[in-house]
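Engineer: So the protein lines, in turn, are chains R and D.
So the first sequence is numbered by the UniProt record's numbering: it starts at 1 and just counts up by one.
So the second sequence is numbered by the UniProt record's numbering: it starts at 1 and just counts up by one.
Treat the hints with care, since some could be wrong.
[Claimed, not checked] Pairs of lysine to aspartate or glutamate residues, derived as EDC-like cross-links and limited to a Cα-Cα distance of at most 16 Å, are as follows:
hint, chain 1, residue 1, chain 2, residue 2
1, D, K429, R, D63
2, D, K429, D, E225
3, D, K429, D, E226
4, D, K429, R, D61
5, D, K166, R, D63
6, D, K227, R, E74
7, D, K166, R, D61
8, D, K166, D, E431
[What the hints assert, rightly or not] The calculated label-pair distances, taken between Cβ atoms and stated as ranges, are:
hint, chain 1, residue 1, chain 2, residue 2, range
9, R, F3, D, G106, 48 to 58 Å
10, R, R6, D, G249, 46 to 56 Å
11, R, V10, D, W462, 23 to 33 Å
12, D, P17, R, Y43, 46 to 56 Å
13, D, K295, R, V48, 47 to 57 Å
14, D, G460, R, R6, 32 to 42 Å
15, D, Q104, R, V126, 36 to 46 Å
Everything labelled a hint here was simulated from the structure, so no lab data went into it.
All figures in this text were calculated on a predicted structure; none of them were measured in a lab.
Heads up, the beta-carbon is just placed ideally off N, CA and C, and yes, glycines get one too.
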Amino acid sequence: MTFNDRIFGVLLIVLAVAYGWGATQFPEPFGGAEGVGPETFPYLLAVVLGVASLYLIVRPDPDNAWPWSRTGIEMVIAVLVLIVYTALLQPLGFILSTLLAVGTLCWRMGATPIRAYVTGGIAGVVVFVIFNYALHLALPLGLLSFLEVN
Amino acid sequence: METLGYLIDGFGVALAPHNLMFALLGAFLGTLIGALPGLGPANGVAILIPLAFTLGLAPETALIMLTSVYAGAMYGGRISSILLNIPGDEPAMMTCLDGYPMAQQGKAAEALAISAIASFMGSLIATVGLILLAPILADFALTFGPAEYFALFLLAFATLGGITGKNPVKTVVAACLGLMIATMGIDNTGVQRYTFGVLELYEGVDFIIAIVGLFAISELLFFIEEKAGGGKEKMAVNKLSLSWAEIRGIMPSSIRGGVLGFIAGVLPGAGASLGSFIGYTLEKKMVGSKGYFGKGDPRGVAGPEAGNNGASSGALVPMLTLGVPGSGTTAVLLALLISMNITPGPLMFTQNADIVWGVIAALLIGNFLLLVLNIPLVGIFVRLLSVPPKYLLPIVTMIAFVGIYSISNTTFDLYFMVAFGVAGYVLRKLEIPLVPVILGLLLGPEMEKNLRHALDISGGDWSVLWNSGLAIGLWVFAGLGLILPYLVGPLLRRRMKVAAGSGGPEGD
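From just these sequences and the hints, can you work out the full model?
Structural biologist: See the structure below:
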């Protein structure tokens with residue numbers, strides 16, 4: 001099967017064309033146009049990428065299998081965990097969000113839930129303490145800010 | 001003689017107490033990174049960059065620490081080769097061949113000690129080579145004009161896949177993607193390019209975020225896919241009994257391996273994997289029928305291990321003198337230099353002599369530290385092998401998050417990093433190498449600047465790019481770098497496969 005490279009090649013050509021077209025839309029630089037402007041290098045890249053992706057379409061490599069079904073879902077979960085981790089980092093604070101994120105990841109990778117979340121909690125507290133007190137980099141405390149000692 | 005003076009100054013920098021402390025810390029962390037499953041050298045150094053950054057380390061201290069990490073990771077990679085027959089990284093592949101049989105015969109401690117000594121010899125030879133060669137190359141590079149630099153960057157991309165690389169077109173695609181990302185933001189004439197009106201993109205994409213995302217997050221996804229969450233069983237290591245005669249016995253192999261490795265490391269397109277491969281095959285030829293290679297011959301451990309470490313120090317030569325890295329990890333080190341506002345290249349040897357020579361001296365010192373760390377403390381590192389990735393990788397990911405967050409204290413960067421991680425996973429699945437993407441990101445601005453400079457001087461005449469003999473030579477080598485993999489690549493790859501039995505993970 002050689003679908004991966006072909007599909008990717010088509011996507012890349014679309015990218016190359018869009019990128020090249022984007023370069024034609026740059027406003028003229030201050031002081032008037034010269035022989036080489038901000039669009040010269042992008043044009044070059046668009047052409048090279050276009051040619052290389054044509055080659056991928058014409059002579060694709062054999063495919064690597066994609067993880068469908070359960071493994072695929074696990075990976076989607078992992079990415080979601082990372083996104084949610086980012087979103088909760090400031091409101092919940094570093095320790096709590098790390099407990100949840102690292103715990104969930106460990107658990108989904110095969111640890112028992114209790115061990116997973118204990119690992120997450122310990123990792124969160126240790127890293128927080130190291131960063132805040134040893135390295136003086138403030139990580140958000142969030143919900144736990146009542147613990148703050150001034 | 002001038003070199004000697006600089007080197008003595010360099011030792012002055014490297015021996016300053018806090019630099020020495022960070023070198024020791026780096027050496028220890030590096031070996032740890034090399035030994036832990038799922039953390040390659042490039043990945044490990046990438047995660048540590050934001051930390052070095054936010055700690056506000058002086059440039060020389062940060063670079064000393066991270067080159068120690070780099071050197072240490074090469075030491076650490078051999079541990080799992082010898083004990084588990086699993087190469088920690090690609091260059092450590094050849095160490096499996098005789099290291100694992102030695103461990104099976106109950107001589108694991110000897111194999112580890114021999115490989116540490118051979119690594120030490122390899123690095124030592126290559127560092128001396130670096131000291132001799134780098135100033136000459138830097139002087140030579142001063143004659144480069146913008147056109148030559150443009151051709152040199154092309155050469156770097158063309159040879160990055162290495163002559164054992166699979167599909168050079170994919171290297172080209174990867175390089176283009178990296179260069180394209182590098183054009184995002186406001187260019188040096190003040191024109192906004194591909195910013196889509198997003199304020200955060202005006203300054204362009206921070207390559208540190210891209211690097212950490214591409215390496216660390218995609219690695220997590222790969223481990224989930226392979227369901228490789230369980231740890232390895234604990235390993236017992238026998239008590240070390242190594243005589244001087246045995247150490248003397250492996251010296252010639254180590255020296256030969258180190259010299260070959262250094263040459264392979266300096267040359268574009270060869271890399272550490274080829275260094276250790278040549279080191280092994282040559283050793284087999286030299287010793288001939290007197291050896292018992294493949295069945296636990298100590299010389300079969302020493303040769304490739306010295307070659308591997310020699311190549312990794314050799315790879316620093318083009319990075320320091322030309323600003324053009326030859327491997328993934330040196331590309332990451334280049335990222336550190338650029339983000340510390342140091343322009344790598346020949347001028348660095350005059351403008352930032354204290355940094356360059358401090359780092360070189362630190363390599364020598366770090367090498368001794370590593371030898372001292374690795375022989376008595378090997379038990380600790382061996383125990384690390386059994387840390388299950390299901391705990392380790394989530395924690396490493398979290399540390400990557402903390403590092404990136406601490407650079408700017410915004411979560412925008414973190415979303416960006418996750419996006420790069422997913423993209424990195426897809427690219428690796430498609431066998432598009434990641435290192436050219438990163439190199440494109442790093443070299444993009446310089447490459448464009450040199451192109452525009454060259455064309456401005458010539459008044460828009462493109463032939464200026466291949467007008468000098470030097471530039472033509474660089475173009476020819478770049479062309480060869482793309483064509484040779486088609487001609488000799490399959491043959492070399494087959495030989496390496498036959499020798500090693502199976503392929504290793506990506507990157508060196």
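Engineer: For each hint, tell me whether it holds in the structure or not.
Structural biologist: Here is what the structure says about each hint:
1. Restraint check for K429 of chain D and D63 of chain R: satisfied, since their Cα atoms lie roughly 9 Å apart, inside the 16 Å limit.
2. Proposed proximity of K429 of chain D and E225 of chain D is supported: the alpha carbons are some 11 Å apart, at most 16 Å.
3. For the suggested pair K429 of chain D and E226 of chain D, the alpha carbons sit about 13 Å apart, so the restraint of at most 16 Å is met.
4. The suggested pairing of K429 of chain D with D61 of chain R holds, with an alpha-carbon distance near 12 Å, which does not exceed 16 Å.
5. The hinted pair formed by K166 of chain D and D63 of chain R meets the criterion: a straight-line CA distance of about 14 Å does not exceed 16 Å.
6. Distance restraint check for K227 of chain D and E74 of chain R: the Cα-Cα separation of roughly 10 Å lies within the 16 Å cut-off, and the hinted pair is therefore satisfied.
7. Taking the CA atoms of K166 of chain D and D61 of chain R, the gap is near 10 Å; set against the 16 Å cutoff, the hint holds.
8. Straight-line distance between C-alpha atoms of K166 of chain D and E431 of chain D comes to about 9 Å, which keeps the hinted pair within the 16 Å bound.
9. As the Cβ distance of F3 of chain R to G106 of chain D is approximately 50 Å, the hint placing it in 48 to 58 Å holds.
10. For the hinted restraint 46 to 56 Å between R6 of chain R and G249 of chain D, the CB-CB distance of approximately 55 Å keeps it satisfied.
11. Under the hint 23 to 33 Å, the C-beta atoms of V10 of chain R and W462 of chain D, about 30 Å apart, fit the expected range.
12. Between P17 of chain D and Y43 of chain R, the C-beta spacing of about 53 Å keeps the proposed range 46 to 56 Å intact.
13. Range check, K295 of chain D to V48 of chain R: Cβ separation about 49 Å, and the 47 to 57 Å hint holds.
14. At about 38 Å, the beta-carbon gap between G460 of chain D and R6 of chain R stays in the expected band of 32 to 42 Å.
15. For the pair Q104 of chain D and V126 of chain R, the supplied restraint of 36 to 46 Å holds, since their beta-carbon distance comes to about 38 Å.
Checked against the numbered hints listed earlier, the structure breaks none of them; every hint is satisfied.
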